[in-house]
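Protein chains in written order, with my numbering: chain Y, 174 to 333; chain B, 174 to 333; chain L, 174 to 333; chain G, 174 to 333; chain X, 174 to 333; chain Z, 174 to 333.
Note that these hints are calculated values from the structure, not bench results.
List time: in silico DSSO-like cross-link candidates among lysine-lysine, alpha-carbon distance up to 30 angstroms: (1) Lys267/G <-> Lys210/L; (2) Lys267/G <-> Lys308/L; (3) Lys319/Y <-> Lys267/B; (4) Lys308/X <-> Lys175/Z; (5) Lys210/L <-> Lys319/G.
Just so you know, these numbers come straight off a predicted model, no measurement behind them.
Protein chains: 6
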Amino acid sequence: MKTLTHFDKDGQARMVDISTKSDTIREAVAKCLVHMKPETFRMIQGKEISKGDVLGVARTAGIMSAKKTHDLIPMCHSINITGVDITFHPVREKSCIEIEAAVKTVGRTGVEMDALVTVSVTALTIYDMCKSVDKDMTITDICIIKKSGGKSGTYTRWQK
Amino acid sequence: MKTLTHFDKDGQARMVDISTKSDTIREAVAKCLVHMKPETFRMIQGKEISKGDVLGVARTAGIMSAKKTHDLIPMCHSINITGVDITFHPVREKSCIEIEAAVKTVGRTGVEMDALVTVSVTALTIYDMCKSVDKDMTITDICIIKKSGGKSGTYTRWQK
Amino acid sequence: MKTLTHFDKDGQARMVDISTKSDTIREAVAKCLVHMKPETFRMIQGKEISKGDVLGVARTAGIMSAKKTHDLIPMCHSINITGVDITFHPVREKSCIEIEAAVKTVGRTGVEMDALVTVSVTALTIYDMCKSVDKDMTITDICIIKKSGGKSGTYTRWQK
Amino acid sequence: MKTLTHFDKDGQARMVDISTKSDTIREAVAKCLVHMKPETFRMIQGKEISKGDVLGVARTAGIMSAKKTHDLIPMCHSINITGVDITFHPVREKSCIEIEAAVKTVGRTGVEMDALVTVSVTALTIYDMCKSVDKDMTITDICIIKKSGGKSGTYTRWQK
Amino acid sequence: MKTLTHFDKDGQARMVDISTKSDTIREAVAKCLVHMKPETFRMIQGKEISKGDVLGVARTAGIMSAKKTHDLIPMCHSINITGVDITFHPVREKSCIEIEAAVKTVGRTGVEMDALVTVSVTALTIYDMCKSVDKDMTITDICIIKKSGGKSGTYTRWQK
Amino acid sequence: MKTLTHFDKDGQARMVDISTKSDTIREAVAKCLVHMKPETFRMIQGKEISKGDVLGVARTAGIMSAKKTHDLIPMCHSINITGVDITFHPVREKSCIEIEAAVKTVGRTGVEMDALVTVSVTALTIYDMCKSVDKDMTITDICIIKKSGGKSGTYTRWQK
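Looking at chain Y on its own, in the form it has when it is part of the complex (with noise of 0.2 angstroms):
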């Protein structure tokens, strides 16, 4: 039975112990969706008529984020992220981008949080840059599409 390796025999957290795991290289996506008005959506596409590169500041501010991961998740362990891809794809019919981010190690545990964190902080920059114009963006379907590497091996979500 699968428990919560988070917590000990008497529930008390901890940061599991992974002296003795191997250091193997480890790959995580995350991808979530920023959904927004139209008119939104068309001043960020818009970034050649000097409007302001939203999505390059969010990918840099994404970028950074995952290096911040165990500052932010209390039992993340830290670890050294040996490589950090942010993609963009814009959905015009439904006005919302899609952000996909790829983030790679060599050690001894994933980096499934580091990714979720990446495409989080990515999506909150949106927000950010854009909130003046558009307060009612909404930010859905973070999660994980894929990890290989470690013991457990390679997952793939169900549906994407």
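Position chains B, L, G, X and Z against the provided structure of chain Y, taking the given hints into account.
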């Protein structure tokens, strides 16, 4: 016409000058939902039988994250938060937990981003604490439901 | 009857709302003792003969830590500290160093925790700088000896 | 003769070069005591009657602080901690709580400082959570009780 | 006679007490130059042909760094910055980029250090983004060119 | 042809994937100059007459900043630094202080940025400690003078 205030007229990002704005009491309330398997939901709710207090850890992480908002979101001003309250509403029939965070400050700028960061990190911590039993959890509906204070006055989302 | 103000009536942790409290000058003085071997004590005192300035490094670390208090202590408000003074009182006959830190702010809440963090990190840095020669060092008597300002007024510890 | 390794031969502080040391499993166990009034002790112990979980918040703060050690202690190397366990031993007759923290890493340097920071911040958080009812609390006996791993081998304090 | 205010009369470092100073609008403008090879200069300027936005990333890093000043410079007070503007002046004939940062606050102390940190981190980020093609880049002329506000009034550098 | 590796083929910023690079000992040496008035230079040098140890504080700040490099420079990997040495070379006839920082790691990527951040923050701290007597100080010549380790091998600046 509304503009993206985080960019100047040449489209360059900047931290907006709020030097001449007034100190007022400002509050923002954000929410989000964490969807999970019924089994995971039961584990979280069952803390009374010493399975560990997932929501307690998440709440602490959320409150601490409110104070890191300016360090995560590039154009956010650093402010002194004067209060943070996090409430959990477990929705058994949907097997999800609603998180609501109310953040307050007395200052020259609002705390929408701080409230959004708070619910996001709270939700991500729930994910982290439970990911050993449920990797399919999804975080949705991150949004501002209310804000008050400041020149722009009160905002209430059209639907909660 | 006094209550634990960091919890609401349901026992949930929160950052207490101080929005309506007044800005006043507030000060807190904390102290602690670092006990060590006589040989270690002499090494620290002997900085004039180019053994290295243990207390200088510890003082800098302590002052910097005061500014991190809200990042270490979950329910602490982030405040703008307006002054930090650290004094060392070497007590040769007991082979120990007393550390005293006075922290000031102008704000809505006190700086007891900031003063306590300051003496603690100062003491821990002394430990770190000397641990290659003395692993038995012990830090004791961390406490608040005085605080002033704010609605609750002045507090003085019954014995120093 | 032992020397203060954090200084070079001219007495200048440095972060000691550990490039050629070996990666080994290292552990350190630190402890401290938090003394309080009997009434405060009872409040902390009485969490079952919804007074709020002081020790739960303190434990989370302690675990998070372990990951900040290199940011607090100037000459400490940044390392990847592989495990943190915090145990509370309430001592009713003395009205005090003993905190013990075991920290592990696989690396080139020990984790004594990380264990000491962990118990210190855990204790300081207890102080913060209870200071509205008891400003006289005192933290004592911060020390290393055991460490293992690395070239210098195992150390055990002469008396606990 | 002027003295080093960051030391007390015994030569001990301290965070200067500013509790009784007045809140006024304060601004500081700093600048620096980043010298590079003509080829590197062309790459940075050529962002319109999708080579990547070096200056956009550097600007975001610079703005974020302003908020970290008190965490980098030991005796700096933590303050709430109310505005940051970064301007780039490319000087083609000298193959260098001039960076100018204007930082504002409403507070008890000036923001010279914050402006200096901003231009420094902006310049260092340009170095990082381009070091794969040009390791010889050099950063020069970091200085304050103007400051205003506070008791000491306005300062203008004798030559820009 | 060399490219800006921090951007992908579409010009999007990323944290470069170093997962398959080898762990080797890597070192980088950076330097810079801090120019000041002769009077300021004498004050700094005169620490023996209890004017306060400007360079001691600056050295501590510099060493601590090396550990923050990944938090300041967006695309930098977080790494575990294994050693930092800072040397000051006062040049009386030019009334300037040369700062040299040697940073080491055992890892998958170099430490040029860490060495550059170290000399920059060391220099900025000197500025801060002395700005009450000399606002005209200027920091120049921030550059890498040597790096070794890794696939790209050793680099030495054409002129120091």
